[in-house]
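Chemist: Protein chains in written order, with the working numbering: chain A, 2 to 127; chain B, 2 to 127.
Think of the hints as simulated: they come from the structure by calculation, not from any bench.
Worth double-checking, as some hints may not be accurate.
Which copy? The list can't say, so a pair holds if one copy fits it or any two copies do.
In silico BS3-like links for lysine-lysine, alpha-carbon gap of 30 Å or less [claimed, not checked]: (1) Lys49 - Lys37; (2) Lys20 - Lys49; (3) Lys37 - Lys120; (4) Lys49 - Lys29.
Listed below are the residues making up each chain.
Number of protein chains: 2
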Amino acid sequence: METMGRHVISELWGCDFDKLNDMDYIEKTFVNAALKSGAEVREVAFHKFAPQGVSGVVIISESHLTIHSFPEHGYASIDVYTCGDLNPNIAADYIAEALSAQTRENIEIPRGMGPVQVKHSQAKAQ
Amino acid sequence: METMGRHVISELWGCDFDKLNDMDYIEKTFVNAALKSGAEVREVAFHKFAPQGVSGVVIISESHLTIHSFPEHGYASIDVYTCGDLNPNIAADYIAEALSAQTRENIEIPRGMGPVQVKHSQAKAQ
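Next comes chain A alone, as it looks inside the complex (with noise of 0.2 Å):
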């Protein structure tokens, strides 16, 4: 199997509170999101924290998708690590609406290649 890899780390802003504090909802938007990127789910770990916040994270064949909420501060913080022919920009952006996230900052890892270089974007949901 190839070690390369892209890992997408996504900085959501403004979410909404409630889909935060759901784990449920999280739970599901997380293995849609796998799926709709074409991913194969391996295993599913997710953790609810009192007062608030969900951590989470989705095994792929393919490497991982994780999340840790701050509801109170509308933030949350996405890593969506794909290898082979994934893109793992599919699977942030649905994250991103689901969320719906008001600002986001991604920035893009090659994975698994030698010497790590970074690139940055940054976007406003509508």
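Since chain A is already given, all that's left is putting chain B on it; use the hints.
Modeler: Positioned in the frame of chain A, the structure of chain B alone reads:
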């Protein structure tokens, strides 16, 4: 809870084949790495691929640690992401040593602080 975090991306090469292919060893290593850095372990999910390779995550109260190993390439793709006062390099260093990595490249990305800046470092282990 504060959104600020430190995310270390660690590319390990020249690792020991057998260690990279031993799911139990990797899981134990990752849990220990989390504990040594002072983290509280919340969820643990690992997966063994055929014919070789391990993916897994430890979700901690302070974010997560992940691995994707490619024993046939001696490569392990590591993320250690911590919030609060924890130092992710404690866990990353422990993991690199446990997997007998001969070379490693780290980048550190601040999370949850607005615009993303990336710090690079490279090191050869011994």
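Chemist: A separate judgement is required for each hint: does it hold in the structure or not?
Modeler: Tested hints:
Taking the shortest Cα distances, Lys49 and Lys37 sit within 30 Å of each other both inside one copy (25 Å) and across copies (23 Å). Only within a single protomer do Lys20 and Lys49 lie at most 30 Å apart by alpha-carbon distance; the minimum there is 13 Å, versus 32 Å between protomers. In this homomeric assembly, Lys37 and Lys120 come within 30 Å of each other (Cα to Cα) only inside a single copy, at 23 Å, whereas the closest approach across copies is 32 Å. When the C-alpha separation of Lys49 and Lys29 is checked against a cutoff of 30 Å, the pair qualifies both within a copy, at 14 Å, and between copies, at 24 Å.
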